[in-house]
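2 protein chains.
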Amino acid sequence: MNGTMVWPATAAICEVGLRDGLQNEKKLLSVEEKLELLDSIVASGVKIIEIGSFVHPKAVPQMADTGELAKRMKRAEGVEYRVLVPNLKGLERAYDAGLTKAKLTVSVSESHCRANFNQTPLQMMEGFGPCVEFAAKNGMVISGALSSAWGCAWEGKIPTAQIEKITRAFLDLGITELSLSDATGMASPRHIYEMGSHLKKAFPEVSWVLHLHNTRGMALACAVAALQVGITTFDGAFAGFGGCNFIPGAAGNVSTEDLIHMLHEMDIDTGVDLAKAMETGRLAQRILGRAGGSYVLQAGRNCDLVAQKAQAQQNK
Amino acid sequence: MNGTMVWPATAAICEVGLRDGLQNEKKLLSVEEKLELLDSIVASGVKIIEIGSFVHPKAVPQMADTGELAKRMKRAEGVEYRVLVPNLKGLERAYDAGLTKAKLTVSVSESHCRANFNQTPLQMMEGFGPCVEFAAKNGMVISGALSSAWGCAWEGKIPTAQIEKITRAFLDLGITELSLSDATGMASPRHIYEMGSHLKKAFPEVSWVLHLHNTRGMALACAVAALQVGITTFDGAFAGFGGCNFIPGAAGNVSTEDLIHMLHEMDIDTGVDLAKAMETGRLAQRILGRAGGSYVLQAGRNCDLVAQKAQAQQNK
Chain A
1 MNGTMVWPAT
11 AAICEVGLRD
21 GLQNEKKLLS
31 VEEKLELLDS
41 IVASGVKIIE
51 IGSFVHPKAV
61 PQMADTGELA
71 KRMKRAEGVE
81 YRVLVPNLKG
91 LERAYDAGLT
101 KAKLTVSVSE
111 SHCRANFNQT
121 PLQMMEGFGP
131 CVEFAAKNGM
141 VISGALSSAW
151 GCAWEGKIPT
161 AQIEKITRAF
171 LDLGITELSL
181 SDATGMASPR
191 HIYEMGSHLK
201 KAFPEVSWVL
211 HLHNTRGMAL
221 ACAVAALQVG
231 ITTFDGAFAG
241 FGGCNFIPGA
251 AGNVSTEDLI
261 HMLHEMDIDT
271 GVDLAKAMET
281 GRLAQRILGR
291 AGGSYVLQAG
301 RNCDLVAQKA
311 QAQQNK
Chain B
1 MNGTMVWPAT
11 AAICEVGLRD
21 GLQNEKKLLS
31 VEEKLELLDS
41 IVASGVKIIE
51 IGSFVHPKAV
61 PQMADTGELA
71 KRMKRAEGVE
81 YRVLVPNLKG
91 LERAYDAGLT
101 KAKLTVSVSE
111 SHCRANFNQT
121 PLQMMEGFGP
131 CVEFAAKNGM
141 VISGALSSAW
151 GCAWEGKIPT
161 AQIEKITRAF
171 LDLGITELSL
181 SDATGMASPR
191 HIYEMGSHLK
201 KAFPEVSWVL
211 HLHNTRGMAL
221 ACAVAALQVG
231 ITTFDGAFAG
241 FGGCNFIPGA
251 AGNVSTEDLI
261 HMLHEMDIDT
271 GVDLAKAMET
281 GRLAQRILGR
291 AGGSYVLQAG
301 RNCDLVAQKA
311 QAQQNK
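Read top to bottom, the protein sequences are chains A and B.
If you use our numbering, the first sequence closes out at 316, no skipped numbers anywhere.
If you use our numbering, the second sequence closes out at 316, no skipped numbers anywhere.
These are calculated hints, taken from the structure and not from any lab test.
For chains that are exact copies, the list does not tell them apart, and a pair is met inside one copy or across any two.
SDA-like mimics (lysine to any residue), calculated; alpha carbons at most 25 Å apart, straight line:
#1 Lys-157 with Ala-202
#2 Lys-200 with Pro-8
#3 Lys-276 with Pro-248
#4 Lys-165 with Ala-136
#5 Lys-200 with Gly-3
#6 Lys-89 with Gly-139
#7 Lys-276 with Gly-249
#8 Lys-157 with Thr-105
Based on the provided sequences and hints, a complete structural model is requested.
Here is the structure:
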């Protein structure tokens, strides 16, 4: 019995390096450094950028200047500048900074929510209603994120019924763009394929985004499985920065460059100039003073190897 | 349009760390260290082990003691101990060391063969005839490897017709177990799926093995694509050691532990005890004095994270 794989013509990349890639970095970047990274991301052709979050500055000091960043950045035509917000207060700060797109996030894991917030996921989502009202009044667009969707340190695999419950709660709020987040890197390609197939059928009105971490090396394999169910929008972080709160030293978000390289090698257009995306990754590595987890930044693209060999032959 | 992914019940792992993982390491291991690794591999349940190669000792000093290793190793019931040989001389040395399985390798790339050996692949394969005769006379089994099958530093993508030509030449010699090797890590999942589908149909008599490197992070994604065409035998190297001759510092072979972890997470049985395979990987890292490229050795298995969290809750 053989499978039948499909290859969409295009896929979309959301660069989340400025938020998820940086949020746990000890070295605090200046707004100027973030602006330089942002310029570089825009120059590469990425059209969706998560520039930061409006969470408590003491909880995540790296994100404290998201408002200033938003106010000072140039806004390129056709680019979506998104922030993550946990609640109405965060959303109001996003609005004050002139932003029009915000992502509300909730962990689908009952145990995770209880342990961290002493609430159930649905209780936490009660606060999302006023956010949606505020957004509607002020011309903002809200998307949602289901964190721990692919596994949880407390619960392991999350039952499908639980994912459905949280999805329905988002839909009841009128939020139809939903990110399935795997910050602990527990998703396997089969899980992505099976859960993804089910969710695509059960909720045809949802625009799904996949947020993968490469904690156990499976992120690109999961992306390939997602393509098979028609999920074609992927978060990535420059140079593969980011990490997992629970696993010190673990690999971070899937590297934007590796993701684009693989998609392009499969003739799937992302609209991004990979060479320029690699410049963003190198810039991030210079600013942070260390290598991230990007293979392509380390080894070069397939075409680079062939070009180098041709050059070496010519020089003989 | 959606894909249909399939998940075989089982997959086979060939541990090639002792050969491909070590061959370019500067630190020369003692035979005792290799025996310790070999014992550990066998203890984990791996049934196919490439223990070394019989190439010129000056070309690959790390492999110079393969004969001694073969003579001194304990032979476990049901385990295949394989070596790589380039020619009849190597095969004779393998026979003298008491081995019964050898792999003959040729690059499918005309340019690569010309540049390194001033011969075409088919000219190189002329030397395989006497090897097959020798093997038949002496009760040895020969398998083949098509190196650069997924891309070549000189030529980039290798045309299907070229892969077919070399495959037919192997079949003409009576060699039906063939490894498709990607030492430069240029394979993409789509390429694996499309070429793999074609080859499986065109040569139903062949037992295919996939030899992946994680140079550009795509190895596990390629393995998933291979499963879809019914290729279920994979080389891996402990801790992801190994590399690419042309790319200093690049990632090595796909890590055996990462491969097994992913397969098990997808309910595909390998017959290997992952915890024990991880011990092999850690042993290799201790012997070589550095980390390899294994994610699972770095971050732990999915189940480890859940167990750690449960333990932490209990200790509260």
